[in-house]
Amino acid sequence: EIVLTQSPTTMAASPGEKVTITCRANSSVSYMHWYQQKPGASPKPWIYDTSKLASGVPNRFSGSGSGTSYSLTISSMETEDTATYYCQQWSNNSYTFGAGTKLELK
Amino acid sequence: EVQLVESGGGLVQPGSSLKLSCVASGFTFSSYNMHWIRQAPKKGLEWIALIYYDSDNKYYADSVKGRFTISRDNSKNTLYLEMNSLRSEDTAMYYCAKSYYGFFDYWGQGVMVTVSS
Numbered sequence: 001e002i003v004l005t006q007s008p009t010t011m012a013a014s015p016g017e018k019v020t021i022t023c024r025a026n027s028s029v030s031y032m033h034w035y036q037q038k039p040g041a042s043p044k045p046w047i048y049d050t051s052k053l054a055s056g057v058p059n060r061f062s063g064s065g066s067g068t069s070y071s072l073t074i075s076s077m078e079t080e081d082t083a084t085y086y087c088q089q090w091s092n093n094s095y096t097f098g099a100g101t102k103l104e105l106k
Numbered sequence: 001e002v003q004l005v006e007s008g009g010g011l012v013q014p015g016s017s018l019k020l021s022c023v024a025s026g027f028t029f030s031s032y033n034m035h036w037i038r039q040a041p042k043k044g045l046e047w048i049a050l051i052y053y054d055s056d057n058k059y060y061a062d063s064v065k066g067r068f069t070i071s072r073d074n075s076k077n078t079l080y081l082e083m084n085s086l087r088s089e090d091t092a093m094y095y096c097a098k099s100y101y102g103f104f105d106y107w108g109q110g111v112m113v114t115v116s117s
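Heads up: the sequence lines are chains E and B, in that order. For the record, in the first sequence the residue sitting at position 37 is 37 according to my numbering, with numbers rising by one throughout. For the record, in the second sequence the residue sitting at position 103 is 103 according to my numbering, with numbers rising by one throughout.
What the hints contain is simulated information worked out from the structure, not anything from laboratory work. Keep in mind it's a predicted model, so treat the numbers as computed, not measured. Accuracy of the hints is not assured; some may be wrong.
To be verified - Interface residues of chain B toward chain E, partial, derived using beta-carbon atoms under 10 Å:
1. LEU45
2. GLY102
3. TRP107
4. GLN109
5. GLY110
From the three backbone atoms N, C-alpha and C, an ideal C-beta is built for every residue, glycine too.
All chains, full assembly: derive it from the sequences and hints.
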């Protein structure tokens, strides 16, 4: 099974600050996907195929990476970005998620 | 508009069974693979089951293999999860999700399952 390790587990950012969340896999994966979840809500598709923004996602978000290392970046933190972000991969009909990164406002 | 609406959750005792349903609308249900994903209270997301669009293939996480069964009825646009031998560690919010290749592009609102005596 491919294990995804996200870092940091929790972080706080000030409005306007650049934010980077990392997701590392214990084996190479072809793509990484990301979801945003706010308290009491279902996860929302956020970034797919490593770098493509889902519908409605602000363009201050971006995704990058390859092989075993991927990242989600917010170019300029906004209040509405406070949430937990999960990375996810798919291989051989098995799907795994990272443990999540809780992003708070400083 | 794509909608996925889960139902069937509740409070059950350890060792008992429960069947969840997910009614889909707004897309051609019979053309897409479907999944169940769960989230224990204050914990992360765990994928637990996949069924191909034609029901020919089904896959499970090790944590539920042999106890849970995923199925679908394409004539009713409905996905199911039959859960047997429930344990306290199965307590979670259960989401059904549609996938596009390896990406979960639509999620339901979730249904809570609590296993407790």
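We went through each hint and held it up to the structure:
no.: 1; hint: LEU45; in the structure: holds (4 Å)
no.: 2; hint: GLY102; in the structure: holds (3 Å)
no.: 3; hint: TRP107; in the structure: holds (4 Å)
no.: 4; hint: GLN109; in the structure: holds (6 Å)
no.: 5; hint: GLY110; in the structure: holds (6 Å)
Going through the hint list in order, the structure satisfies each hint without exception.
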